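Please take these sequences and the hints and turn them into a complete structure.
Chains as they are written, first to last, in the numbering used here: chain A, 16 to 270; chain B, 67 to 308.
Simulated from the structure, these hints should not be mistaken for lab results.
Just so you know, not all the hints are guaranteed correct.
Estimated spans, in silico, between C-beta atoms of each pair [stated by the list, open to error]:
{"no.": "1", "chain 1": "A", "residue 1": "Leu195", "chain 2": "B", "residue 2": "Leu256", "range": "43 to 49 Å"}
{"no.": "2", "chain 1": "A", "residue 1": "Arg231", "chain 2": "B", "residue 2": "Gly211", "range": "29 to 35 Å"}
{"no.": "3", "chain 1": "B", "residue 1": "Lys208", "chain 2": "A", "residue 2": "Pro100", "range": "51 to 57 Å"}
{"no.": "4", "chain 1": "A", "residue 1": "Phe87", "chain 2": "B", "residue 2": "Leu256", "range": "54 to 60 Å"}
{"no.": "5", "chain 1": "A", "residue 1": "Leu78", "chain 2": "B", "residue 2": "Arg150", "range": "52 to 58 Å"}
{"no.": "6", "chain 1": "B", "residue 1": "Tyr83", "chain 2": "A", "residue 2": "Tyr177", "range": "54 to 60 Å"}
In this text the structure is predicted, and so the values were computed from the model without any measurement.
The beta carbon of each residue, even a glycine, is placed where N, CA and C say it ideally should be.
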Amino acid sequence: MISEAFASGKSILHAIDPRIKVVLATIFSFVVALSSSFVILLSGFATAMVLVMVARLDVKEVLKRLAILWGFVVLIWILVPLTYPGTTLIRIGPLGFSSPGILIAAQISLKSTAILLSLMALLATMPIATMGHALGCLGIPDKLVYLLLITYRYVFVMEQEYQRLIRAMKIRGFKPGTNLHSYQSYAYLVGMLFVHASVRADRVSKAMKCRGFTGRFHSLWQFEPDPRNQIFAVIMSLIIILMATVELWIQTIHS
Amino acid sequence: MDTNNTLINLKNLSYKYPGGKTVLDQIDFKFSKGDRIGLVAPNGSGKTTLFHVIMGLLKPSGGTIEIFGKERQKEKDFVDIRHRIGLLFQDADDQLFSPTVIEDVAFGPLNLGKSKEEALDISRHTLDYLGLKDFENRITFKLSGGEKRLVSLATILAMQPEILLLDEPTNALDRSMKSRLISILQGLDLSYILISHEFNVLSETTQAFYSMEDGKIFRDDSVHVHTHEHSHKIGKQPHKHA
Chain A
16 MISEAFASGK SILHAIDPRI KVVLATIFSF VVALSSSFVI LLSGFATAMV
66 LVMVARLDVK EVLKRLAILW GFVVLIWILV PLTYPGTTLI RIGPLGFSSP
116 GILIAAQISL KSTAILLSLM ALLATMPIAT MGHALGCLGI PDKLVYLLLI
166 TYRYVFVMEQ EYQRLIRAMK IRGFKPGTNL HSYQSYAYLV GMLFVHASVR
216 ADRVSKAMKC RGFTGRFHSL WQFEPDPRNQ IFAVIMSLII ILMATVELWI
266 QTIHS
Chain B
67 MDTNNTLINL KNLSYKYPGG KTVLDQIDFK FSKGDRIGLV APNGSGKTTL
117 FHVIMGLLKP SGGTIEIFGK ERQKEKDFVD IRHRIGLLFQ DADDQLFSPT
167 VIEDVAFGPL NLGKSKEEAL DISRHTLDYL GLKDFENRIT FKLSGGEKRL
217 VSLATILAMQ PEILLLDEPT NALDRSMKSR LISILQGLDL SYILISHEFN
267 VLSETTQAFY SMEDGKIFRD DSVHVHTHEH SHKIGKQPHK HA
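Below you can see the structure in the form of structure tokens.
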């Protein structure tokens with residue numbers, strides 16, 4: 016279900032303090048998303064590629080994730096140039112592809128690919144549990160952090176329960192189709208999942224109470240200091256600041 | 067009355083489901099220090115309910131609960147006793163909610179106000195004791211059923227309780243895990259009540275049997291000598307049963 020294929024590894028990026036990675040990934044994504052000049056978008060893409068290489072991620076897994084994104088990107092390449100007003104660049108029969116539309120589609124492709132690659136290199140290189148604790152250290156409210164962690168913990172249990180129910184339906188000859196019986200059966204299935212989830216939540220909360228839980232979570236987490244953290248933070252910050260400055264400069268020239 | 071040795075004293079205790087079905091019907095039950103009780107009863111006879119009422123998770127509809135020599139009524143009264151009584155839930159997935167094993171085991175000690183270092187120390191010690199030395203950073207939901215059961219036991223033992231309430235601890239465990247759990251229970255210096263359907267488990271880990279029927283609990287000491295037929299391979303050869 017959630018495989019966390021990149022979470023464990025021995026690269027430098029895996030060893031960097033997760034808090035730094037979370038902060039840098041967020042700022043980097045914003046800068047790339049808000050930029051529009053191709054110089055900056057290309058350098059963002061290059062930076063993300065370098066990060067992925069430094070993290071030594073499995074190329075096949077990376078491409079698998081990119082493929083999902085590119086599915087949407089293909090749609091954008093078709094829809095935006097067709098619908099965006101402007102001078103027509105190519106004409107196929109009655110269909111005209113506008114040149115500003117093509118530029119925008121190219122921008123979106125670069126931005127989304129660069130952001131996704133950087134997130135794979137920076138965020139996916141830590142277990143979700145670690146990410147939760149890092150978010151907690153960064154001042155995200157406890158309730159949100161534990162919502163994330165407990166969701167992550169019980170998503171698997173819910174999936175098992177879902178599989179169990181599906182199996183129970185299958186062994187009695189259920190074949191999904193476009194008919195009321197199928198819809199009703201699926202509605203029951205979803206309903207049962209909600210019921211199970213709520214009963215489960217009740218038992219989990221009881222179990223927590225039995226172990227002295229009174230509403231406050233205590234975290235065991237601590238991060239080891241490592242000089243590589245500062246080095247990485249400085250290099251990445253410089254790249255991001257440079258990208259942002261050049262982008263602003265280009266924008267002022269154009270305006 | 068030896069109040070010192072009586073740990074749990076239920077008088078006239080009743081519990082009714084919100085729907086109205088009476089599960090516990092004016093129960094009298096005394097549990098003393100050193101007791102190791104086995105509770106055998108059919109499903110739905112109220113064993114789990116009894117445990118939850120003792121922990122204050124369910125509110126009885128009548129009667130009194132005395133634990134550690136004091137009457138317990140309100141939530142606050144029960145908060146004080148919960149860390150002294152460890153309840154092992156039937157489903158380990160209910161008990162293990164943290165991402166990693168060490169966090170889950172340390173959850174109880176941290177709630178009791180222990181420092182990080184103390185909590186880690188206790189947790190590692192407990193895992194060690196249960197033979198789970200390398201489990202610290204394992205992800206809880208990726209453990210096998212038997213491992214989950216042992217880790218849940220660790221989460222409870224880490225609170226250093228005086229009493230254990232074990233709800234079918236050997237349920238769905240394979241033979242080797244079962245015997246591992248039995249020898250752990252035998253080695254513990256704790257009083258406990260153990261719910262189980264398995265007589266060989268009960269006879270190895272408990273001194274007295276109780277049973278429940280129609281909302282009542284009663285001691286069942288009569289050992290019935292009986293024979294039963296069974297079949298197995300090469301059964302015609304002379305053989306012994308353990």
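Hint check:
| no. | hint | in the structure |
| --- | --- | --- |
| 1 | Leu195/A <-> Leu256/B: 43 to 49 Å | violated, 57 Å |
| 2 | Arg231/A <-> Gly211/B: 29 to 35 Å | holds, 31 Å |
| 3 | Lys208/B <-> Pro100/A: 51 to 57 Å | holds, 54 Å |
| 4 | Phe87/A <-> Leu256/B: 54 to 60 Å | holds, 58 Å |
| 5 | Leu78/A <-> Arg150/B: 52 to 58 Å | holds, 56 Å |
| 6 | Tyr83/B <-> Tyr177/A: 54 to 60 Å | violated, 28 Å |
In summary, the numbered hints that this structure violates are 1, 6.
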